[in-house]
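Asks: In case you want the letters, here they are:
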Amino acid sequence: MDYAVTVNNISKSFDKTKAVESVSFNVEKGELFGFIGPDGAGKTTLFRMLTTLLLPDGGEAFVDGFDIVKDFKKIRGSVGYMPGRFSLYQDLSVEENLKFFARVFGTTIEANYELIKDIYVFLEPFRKRRAGKLSGGMKQKLALCCALIHKPGVLFLDEPTTGVDPVSRNEFWEMLGKLKEGGITILVSTPYMDEASKCDRIALMQKGKILDIGFLNDIISKYEKPVYALRSGDMHKLILDLRAAENTDSVYSFGDYLHYTDRRGKAVEEDIKKILISKGHTDLVFKQINPGIEDCFMSLMNK
Amino acid sequence: MGENHIISVKDLTKKFGSFTAVDKISFNVLPGEIFGFLGANGAGKTTAMRMLCGLSIPTSGKATVAGFDVYRQTESIKKNIGYMSQKFSLYEDLTVKENIEFYGGVYGLSRERRKEKTEFLIDLLKIEEARNKLIKSLPLGWKQKLAFSIAIIHEPKIVFLDEPTGGVDPITRRQFWDMIYEAADRNVTVFVTTHYMDEAEYCSKVSMMVDGRIAALDKPEKLKEQFGVGTMHEVFVKLARPAA
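Listed in order, the protein sequences are those of chains A and B. My numbering applies: residue 37 is where the first sequence begins, and numbers increase by one. My numbering applies: residue 553 is where the second sequence begins, and numbers increase by one.
Hint data in this document are derived by calculation from the structure and do not stem from the laboratory. Here the structure is a predicted model, which means the values were calculated and not measured. Backbone N, C-alpha and C fix where the C-beta goes; we use that ideal spot for every residue, glycine too. Hints are supplied without guarantee of correctness; some may be wrong.
Okay, derived cross-link-like pairs now, BS3-like style, lysine-lysine, Cα gap no bigger than 25 Å in a straight line [to be verified]:
#1 B/LYS771 / A/LYS54
#2 A/LYS243 / B/LYS688
#3 B/LYS776 / A/LYS52
Derived DEER-like restraints, expressed as beta-carbon distance ranges [to be verified]:
#4 B/ALA767 / A/GLY66: 51 to 61 Å
#5 A/ALA303 / B/GLU644: 25 to 35 Å
#6 A/TYR149 / B/ASP730: 43 to 53 Å
#7 A/GLU210 / B/LYS630: 38 to 48 Å
#8 A/ARG121 / B/PHE571: 20 to 30 Å
Start from the sequences, fold in the hints, and give me the full structure.
Replies: Structure, rendered in structure tokens:
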């Protein structure tokens, strides 16, 4: 199999902290692959190793066929990297930043304009503005253009949507979808679980380890317990009463519902309803639902 | 302005040169409410929040926070509110105990009161083993919970939380909301911003800012009814991109 990225048992520690612990995975050419997990999961350390900015303590990895240790110079020329923190030149204009990155990689804006065109149209009206004076969304688009200007084979995006509102996040994912159509391999990290559905495959990460990896539907189908969505007139009391109930496995808030799993596994609806009515709950809604990625993540965290 | 409102805002405006960041916003918050302050990036949330915290003087309009005026009594406001954001929280190179004592001191608690509070918080958060550990050695979830407890160490009537759950794992995120509920049950008013739309559902009232104005303000269930949708996410999408 011809992989764009191959990683075998890669590890990295900082003092006593194991930031990345024996992580292995492959990313196929043209795949949009998501690393999903909270701060401290090891996403940034992993990306920094794969983009040759950090040396691993152990294991091996190949990006675009090149060894991340021996062939680091070749990788630097062939990958695109958008770090989590905005790191363009604040005092250069939009156009100057883009020209600078193009020249560093020995190319021109014109040569690869097709690739960035759809994103750059948003920036065009501000092309004389200094990067430091752009809004958050515009900075993000400029950073993406700069990471793309040398037509990389593999693109690494470290938390491009963190702190971004839900509508702008969606727009960003639409841009990634278009890039993917163009054949570029994309590795992207995010703390937002709901972004899992935008990726071809995902790795769920926590504390330096991969909890699970695969297609979203396959990960979800491994969740074997029935999940119930409940609501009542008093949601806070509902949580407390369910936590105190004898056979409760888990209770988590999910927006205007909460999700409940029971140790007994099945046919618990009447029993739970009876308990809740005896506790004075009114307007009870109780339904079995399909678990989502966040249910899976929390269940894996507890294992 | 109603006597029983803990935050009262009328036509509050902030201009930077020719740019109007906050454009005549008006709303009231009741004691013990969890007030969700939502909006797209650049809608003016941060600017509005800075005015309410006494950190930025408005261009025009009126507002009182905990009974204090946002033009003339900014120091009193700062003493009577709590504040926590994802970026500003604890001193990483101080221990848990030192952080609690330091912030207790900043907020003017007496030595005895600081000691009491230290023991109370360590017990409440079940972090006895971490008492003398540096903040930087703690898991993020512990830090967030401690940061919140410290933000209300001086028992303010209002606490401002600016994206308190950004980057936090899903279990800790929910535990954090348990703490918000507990504070609200003690009649602490919570003013919170978030990009997680499920968290918008947990608020007693939600305001949606669009281009410096408040485009909608109501209980989550009323907003969903008003826009004929099932989730706060859809309400957000309809308001933030009305043309789409």
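Asks: Next step is simple, just say for each hint if it's right about the structure.
Replies: Status of the hints after comparison with the structure:
Using a Cα cut-off of 25 Å, the hinted pair B/LYS771 and A/LYS54 is violated, with the two alpha carbons roughly 44 Å apart. Note on A/LYS243 and B/LYS688: the hinted pairing holds, with a Cα-Cα distance of about 15 Å set against a maximum of 25 Å. For the given pair, B/LYS776 sits about 49 Å from A/LYS52 by alpha-carbon distance, which is inconsistent with the 25 Å threshold. A C-beta distance of roughly 41 Å is found between B/ALA767 and A/GLY66, which places it outside the suggested range of 51 to 61 Å.
Look at A/ALA303 against B/GLU644: about 50 Å separates their beta carbons, and that is not inside 25 to 35 Å. Between A/TYR149 and B/ASP730 the beta carbons are some 51 Å apart, a value that agrees with the proposed interval 43 to 53 Å. Distance hint check for A/GLU210 and B/LYS630: the Cβ-Cβ separation is about 42 Å, which falls inside the suggested range of 38 to 48 Å. Evaluation of the 20 to 30 Å hint for A/ARG121 and B/PHE571 yields a pass: the beta carbon distance comes to about 26 Å.
Hints 1, 3, 4 and 5 from the list above are not met by this structure, while the remaining hints are.
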